[in-house]
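Asks: Residue strings, one per chain:
2 protein chains.
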Amino acid sequence: MAQQFAIGVDYGTNSARALVVDIATGAEIAAEVYDYRRGDAGVLLDSSDPNLARQSPADYIEGFLSAVAGAVTKAKQTAGFDPQRVVGIGVDTTGSTPIPVNAEGVALALLDEFKDDLAAQAWLWKDHTAHREAEEITRKARGGEYPYLAKCGGVYSSEWYWSKIAHCMRTAPQVARSAAAWVELADYVPAYVTGNLHPSKLARGICAAGHKAMYHEEWGGLPSAEFLESVEPGLSRFRFDTKAVPSNHQAGLLCAEVAEQVGLPAGIPVAVGAFDAHMGAVGSGCGEGTLVKIMGTSTCDCMVAPLSKRLPDVPGLCGIVPESIIPGMYGLEAGQSAVGDIFNWFVKRLTPGEFGTGAEAHAKLTDAAAKLRPGESGLVALDWNNGNRTILTDPLLTGLLIGQTLHTTAPEVYRALVEATAFGALTIINRMEEYGVHVAEVIVCGGIAEKNPLVMQIYADVTNRPMKTSRSGQTCALGAAIFGAVAAGAYQTVEAAQAKMTGVKSTLYEPIAANVAVYAKLYSVYKTLHDAFGTTGFSGSLSGVMKDLVAIRHDVRRGAK
Amino acid sequence: MAQQFAIGVDYGTNSARALVVDIATGAEIAAEVYDYRRGDAGVLLDSSDPNLARQSPADYIEGFLSAVAGAVTKAKQTAGFDPQRVVGIGVDTTGSTPIPVNAEGVALALLDEFKDDLAAQAWLWKDHTAHREAEEITRKARGGEYPYLAKCGGVYSSEWYWSKIAHCMRTAPQVARSAAAWVELADYVPAYVTGNLHPSKLARGICAAGHKAMYHEEWGGLPSAEFLESVEPGLSRFRFDTKAVPSNHQAGLLCAEVAEQVGLPAGIPVAVGAFDAHMGAVGSGCGEGTLVKIMGTSTCDCMVAPLSKRLPDVPGLCGIVPESIIPGMYGLEAGQSAVGDIFNWFVKRLTPGEFGTGAEAHAKLTDAAAKLRPGESGLVALDWNNGNRTILTDPLLTGLLIGQTLHTTAPEVYRALVEATAFGALTIINRMEEYGVHVAEVIVCGGIAEKNPLVMQIYADVTNRPMKTSRSGQTCALGAAIFGAVAAGAYQTVEAAQAKMTGVKSTLYEPIAANVAVYAKLYSVYKTLHDAFGTTGFSGSLSGVMKDLVAIRHDVRRGAK
Numbered sequence: 001m002a003q004q005f006a007i008g009v010d011y012g013t014n015s016a017r018a019l020v021v022d023i024a025t026g027a028e029i030a031a032e033v034y035d036y037r038r039g040d041a042g043v044l045l046d047s048s049d050p051n052l053a054r055q056s057p058a059d060y061i062e063g064f065l066s067a068v069a070g071a072v073t074k075a076k077q078t079a080g081f082d083p084q085r086v087v088g089i090g091v092d093t094t095g096s097t098p099i100p101v102n103a104e105g106v107a108l109a110l111l112d113e114f115k116d117d118l119a120a121q122a123w124l125w126k127d128h129t130a131h132r133e134a135e136e137i138t139r140k141a142r143g144g145e146y147p148y149l150a151k152c153g154g155v156y157s158s159e160w161y162w163s164k165i166a167h168c169m170r171t172a173p174q175v176a177r178s179a180a181a182w183v184e185l186a187d188y189v190p191a192y193v194t195g196n197l198h199p200s201k202l203a204r205g206i207c208a209a210g211h212k213a214m215y216h217e218e219w220g221g222l223p224s225a226e227f228l229e230s231v232e233p234g235l236s237r238f239r240f241d242t243k244a245v246p247s248n249h250q251a252g253l254l255c256a257e258v259a260e261q262v263g264l265p266a267g268i269p270v271a272v273g274a275f276d277a278h279m280g281a282v283g284s285g286c287g288e289g290t291l292v293k294i295m296g297t298s299t300c301d302c303m304v305a306p307l308s309k310r311l312p313d314v315p316g317l318c319g320i321v322p323e324s325i326i327p328g329m330y331g332l333e334a335g336q337s338a339v340g341d342i343f344n345w346f347v348k349r350l351t352p353g354e355f356g357t358g359a360e361a362h363a364k365l366t367d368a369a370a371k372l373r374p375g376e377s378g379l380v381a382l383d384w385n386n387g388n389r390t391i392l393t394d395p396l397l398t399g400l401l402i403g404q405t406l407h408t409t410a411p412e413v414y415r416a417l418v419e420a421t422a423f424g425a426l427t428i429i430n431r432m433e434e435y436g437v438h439v440a441e442v443i444v445c446g447g448i449a450e451k452n453p454l455v456m457q458i459y460a461d462v463t464n465r466p467m468k469t470s471r472s473g474q475t476c477a478l479g480a481a482i483f484g485a486v487a488a489g490a491y492q493t494v495e496a497a498q499a500k501m502t503g504v505k506s507t508l509y510e511p512i513a514a515n516v517a518v519y520a521k522l523y524s525v526y527k528t529l530h531d532a533f534g535t536t537g538f539s540g541s542l543s544g545v546m547k548d549l550v551a552i553r554h555d556v557r558r559g560a561k
Numbered sequence: 001m002a003q004q005f006a007i008g009v010d011y012g013t014n015s016a017r018a019l020v021v022d023i024a025t026g027a028e029i030a031a032e033v034y035d036y037r038r039g040d041a042g043v044l045l046d047s048s049d050p051n052l053a054r055q056s057p058a059d060y061i062e063g064f065l066s067a068v069a070g071a072v073t074k075a076k077q078t079a080g081f082d083p084q085r086v087v088g089i090g091v092d093t094t095g096s097t098p099i100p101v102n103a104e105g106v107a108l109a110l111l112d113e114f115k116d117d118l119a120a121q122a123w124l125w126k127d128h129t130a131h132r133e134a135e136e137i138t139r140k141a142r143g144g145e146y147p148y149l150a151k152c153g154g155v156y157s158s159e160w161y162w163s164k165i166a167h168c169m170r171t172a173p174q175v176a177r178s179a180a181a182w183v184e185l186a187d188y189v190p191a192y193v194t195g196n197l198h199p200s201k202l203a204r205g206i207c208a209a210g211h212k213a214m215y216h217e218e219w220g221g222l223p224s225a226e227f228l229e230s231v232e233p234g235l236s237r238f239r240f241d242t243k244a245v246p247s248n249h250q251a252g253l254l255c256a257e258v259a260e261q262v263g264l265p266a267g268i269p270v271a272v273g274a275f276d277a278h279m280g281a282v283g284s285g286c287g288e289g290t291l292v293k294i295m296g297t298s299t300c301d302c303m304v305a306p307l308s309k310r311l312p313d314v315p316g317l318c319g320i321v322p323e324s325i326i327p328g329m330y331g332l333e334a335g336q337s338a339v340g341d342i343f344n345w346f347v348k349r350l351t352p353g354e355f356g357t358g359a360e361a362h363a364k365l366t367d368a369a370a371k372l373r374p375g376e377s378g379l380v381a382l383d384w385n386n387g388n389r390t391i392l393t394d395p396l397l398t399g400l401l402i403g404q405t406l407h408t409t410a411p412e413v414y415r416a417l418v419e420a421t422a423f424g425a426l427t428i429i430n431r432m433e434e435y436g437v438h439v440a441e442v443i444v445c446g447g448i449a450e451k452n453p454l455v456m457q458i459y460a461d462v463t464n465r466p467m468k469t470s471r472s473g474q475t476c477a478l479g480a481a482i483f484g485a486v487a488a489g490a491y492q493t494v495e496a497a498q499a500k501m502t503g504v505k506s507t508l509y510e511p512i513a514a515n516v517a518v519y520a521k522l523y524s525v526y527k528t529l530h531d532a533f534g535t536t537g538f539s540g541s542l543s544g545v546m547k548d549l550v551a552i553r554h555d556v557r558r559g560a561k
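Chains L and F, in that order, are what the protein sequence lines are.
Residues in the first sequence are numbered from 1 upward in steps of one, following the numbering used here.
Residues in the second sequence are numbered from 1 upward in steps of one, following the numbering used here.
One should not assume that every hint holds.
No copy is singled out in the list; a pair is fine if it fits within one copy or between any two copies.
Said to hold, decoys possible - When the alpha-carbon atoms are kept at most 30 angstroms apart in a straight line, the in silico DSS-like pairs for lysine-lysine are as follows: (1) LYS309 with LYS76; (2) LYS74 with LYS547; (3) LYS140 with LYS547; (4) LYS371 with LYS76; (5) LYS243 with LYS364; (6) LYS500 with LYS364; (7) LYS126 with LYS547; (8) LYS451 with LYS140; (9) LYS547 with LYS521; (10) LYS521 with LYS371; (11) LYS348 with LYS500; (12) LYS348 with LYS364; (13) LYS505 with LYS371; (14) LYS527 with LYS547.
Since the hints were made in silico from the structure, they are not lab data.
Can you build the whole structure from these sequences, using the hints too?
Replies: Have a look at this one:
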């Protein structure tokens, strides 16, 4: 049979990337990146408000046209590629990134009237202008004993859909009045390229709706009009009645106008969109028993469990949404608020000159830290310098380091910080397992996994699970391509597509038994500190903590002689 | 009346210093330092045992002869000085630094047979070879419900008299057999220079005996023979029956042989010796209501209270010995295991290159830390990097830092460490006050007090007490000179001599009310952590600690706008 291809289009914070993939093998035939042209690397800022972060929908449209056209042009140089053999297209994006549109589904920002109005642009995921509205939604949902927060960790975020819309209504009523609907970027792109823009008809993805808009079948979709009106009169106008669906559904077929500009035939199925981390998890090999950690400055942890398991609410998990990652499965999203950010902070703020700066310092600290044995520093840290997203969902928590002596060195602290993030990872895994979601192995993707074998080995030893790295360096776009192929019917299931199109690298990090044993003791110290400082129900004693660390240190050092 | 003078001789770890003082004014006429010539800057080491630290008694003798002769020669160039007008001599030394002597009181190390035997030398205060013996003494004293540890914080140290003698008996029996007695350096020097060397006759100071040899009138002097025999058969042979006395007593009169070599007339009264910190406290102005902190790498805190108060045992205080500092007063000794050492550790191990190294780094970090307001970093530290001497008497405790974010800077941590040592200082003060010893003001001496106004102001704000610095830069030798004058009868009391001979510098650090209020909140956090990690009885909750720090930080930052 002739080769067939799918195209994944991945919208990041600063650029869009198109990837052409051979659907039989996952081979990545061609890629093209479009760097957003507006604002500061694609982000529209307001010097008077550091919380504001917007994007121009024009960058999204140009991004699709330019990146897909470029990738297709490159792919044509590969034997076996033919635009006619592109069976499907998938799209992943940042989120929650809602865009106000008019009654025809045209983004207000593309109209002359609103082109310079920041409130009419896309409200980028990291826009935090709506923090007051988020607090109000949380308070109202709790006060009225509404169920809406049960699936998103108990706290509604300023980054999310309803907070942003309510804030727009209060601060930019001219935009809110002209908006007929708000559309998540993940839905907007598929709608635009298929021409199915009309708000009442465009496909809404379950990923964005479920994780950011409190959409859940259990309570009939979005929160009730009555609840939304209690947050802000008029807010219920932005409810939508469309059933939100997973990305094995089609948003439509590539429309002629767009097809022509990107060098593809019209009529190619385009999958319903979803978030980058979720499609990235699919592109990394996420499946039952396999946790995917997308590890960078922070982490996004994605996991699935069969719908047949009837999963209870898992306290502290950011989101549990049926079919948000893989159809037929619960999608579970967790995260660590800071991982690489903590290592970077230490290098920037507390690393002596002898280790150099930046990447050199990371390398030298890592080399020195790799010579240490688990437990020999006597240190334990909490990884909360940026709060704790999972399982405590508490942004006001802070860092802690314990066990310092007059001999404690920078590499010892660096290693303790790496270990702290591994303990944080284990805490998430343990919480999932407590609620019946078995985690047999971990696949890591992101820069740290590729660059730092020490981090990977520590994670393997701390979690006592094999750590793998995803084969692809562009797992989000690959995941989008997989959904393109599935939505087009080239594969019956996401799992079948994954079996052919994803893989892991040959380097496998297996737990080392001796290290696992020491880390079990250190984790017990971490967990004691975690519960003492992070929860209200702790009733244990801390008087033995420093002694335990000294004893572990002593044993390790003596054992080494 | 013609001027009169006293000479104070101060034996430190690396040198001896003689100071000639005008007893009417405290004016320091002349000084001379003798650097010990043996070993490594005066310390005899054993490369196979890092715990070993000895000193040659020959350095002590040469030190007296050379330093006093030099000081007298220099003093002669001052109008008004005449060796005939030297009324008394006082001596202070390190301790516990016991020296084995023969039946005539001659140090064994000075005999040909033993001159190269490390066990026959002085066992310097910081020799830790006897840690096992110390543990045994502690265990035996507790097991037998003996009272001996009640006055020294409940734990007997490897640095102290009986531990060292027992260790010598076990490891160097040839020395122990030849020893007729063991004499503290503080007693050995006055004995040597007065010729009253015979072990049965030489004066024993209450300072060394009370703080290091468990000597207490309450139980009839030294621990019972039966107890000592239970520690090590034969140990009771080194009990002495002499009554230990304070330093307003004379050890004897300067003998002709020594007098001639130092250019003084024979017959000058020589005071009973005491430890450097205690005489330093007297030289700094220690008195009722005035705590003296000798602040360097660690601190020694000295305080007095009238004997008429009948002070109870104060839990956690290193030593409470009647008349060990000032006659007629309880002498209370406390200490912080690390102060300057913690700041030095941070500069050496965790300070970025932009701040330079060593003294430059201290200065730059201090400048940056001085620009911060109390509470604005959101950090609190425990000052336990070298354990906690007072009030927890636990060497196995370790450091802790809490409140870090991704923005935490090196100057913020540096300031938090300074504040932690101030909180440690306040904890000692509070403990004294709880047991009826009022601390109205603090006089600080030592290098940090002179060099770092920020440290002094933070201590004033944290303790909510005025902080003063002692006028003299050589308070130990000055204190010794004061005892020389008092023992000679030139003053009736130590207090009368202090009134004339000591003083403080004009720079006074007064508490700043706004800072005091913030530090009261931060101390409450410190105390919670202190009790949670340092004691077994803590039953409070730590779940509010990080939130409290964030709230304090928020208030301070908002208040500054």
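Asks: Is it within, between, both or neither when you check LYS527 against LYS547 at 30 angstroms Cα-Cα?
Replies: Classified as both; 16 angstroms inside a copy, 19 angstroms across copies.
Asks: Measure nothing new, just compare the shortest in-copy and cross-copy C-alpha distances for LYS521 and LYS371 to 30 angstroms and report within, between, both or neither.
Replies: Close inside one copy (20 angstroms), not across copies (41 angstroms); limit 30 angstroms.
Asks: Pop the pair LYS451 and LYS140 into one bin, within, between, both or neither, using alpha-carbon distances up to 30 angstroms.
Replies: Intra 45 angstroms, inter 57 angstroms, cutoff 30 angstroms: neither.
Asks: Regarding LYS140 and LYS547, is the shortest C-alpha distance of 30 angstroms or less found within a copy, between copies, in both, or in neither?
Replies: Answer is between; shortest inter-copy Cα gap is 23 angstroms, intra-copy 46 angstroms.
Asks: At most 30 angstroms between alpha carbons: which applies to LYS74 and LYS547, within, between, both or neither?
Replies: Cα proximity of LYS74 and LYS547: none, with 62 angstroms in one copy and 54 angstroms across.
Asks: I want to check one pair: LYS505 and LYS371. Are their C-alpha atoms no more than 30 angstroms apart within a copy, between two copies, both, or neither?
Replies: within (25 angstroms within a copy, 51 angstroms between copies)
Asks: Please work out whether the CA atoms of LYS126 and LYS547 approach to 30 angstroms or closer within one copy, between two copies, in both situations, or in neither?
Replies: Cα proximity of LYS126 and LYS547: across copies only (24 angstroms, versus 42 angstroms in one copy).
Asks: For LYS243 and LYS364, with the copy left unspecified, which applies at a CA distance of at most 30 angstroms: within, between, both, or neither?
Replies: neither (53 angstroms within a copy, 62 angstroms between copies)
Asks: Please sort LYS309 with LYS76 into within, between, both or neither, judging by C-alpha distance up to 30 angstroms.
Replies: Answer is neither; intra-copy 45 angstroms and inter-copy 98 angstroms both fail.
Asks: Check LYS500 against LYS364 for me: Cα-Cα at most 30 angstroms, and say if that holds within a copy, between copies, both or neither.
Replies: Neither. Shortest intra-copy (39 angstroms) and inter-copy (59 angstroms) distances fail the 30 angstroms Cα cut-off.
Asks: Within a copy, between copies, both or neither: which one fits LYS348 and LYS500 at a CA-CA cutoff of 30 angstroms?
Replies: neither (42 angstroms within a copy, 54 angstroms between copies)
Asks: Is it within a copy, between copies, both, or neither that the alpha carbon of LYS348 lies no farther than 30 angstroms from that of LYS364?
Replies: both (14 angstroms within a copy, 17 angstroms between copies)
When each numbered hint is compared with the structure, violations occur for hints 1, 2, 4, 5, 6, 8, 11.
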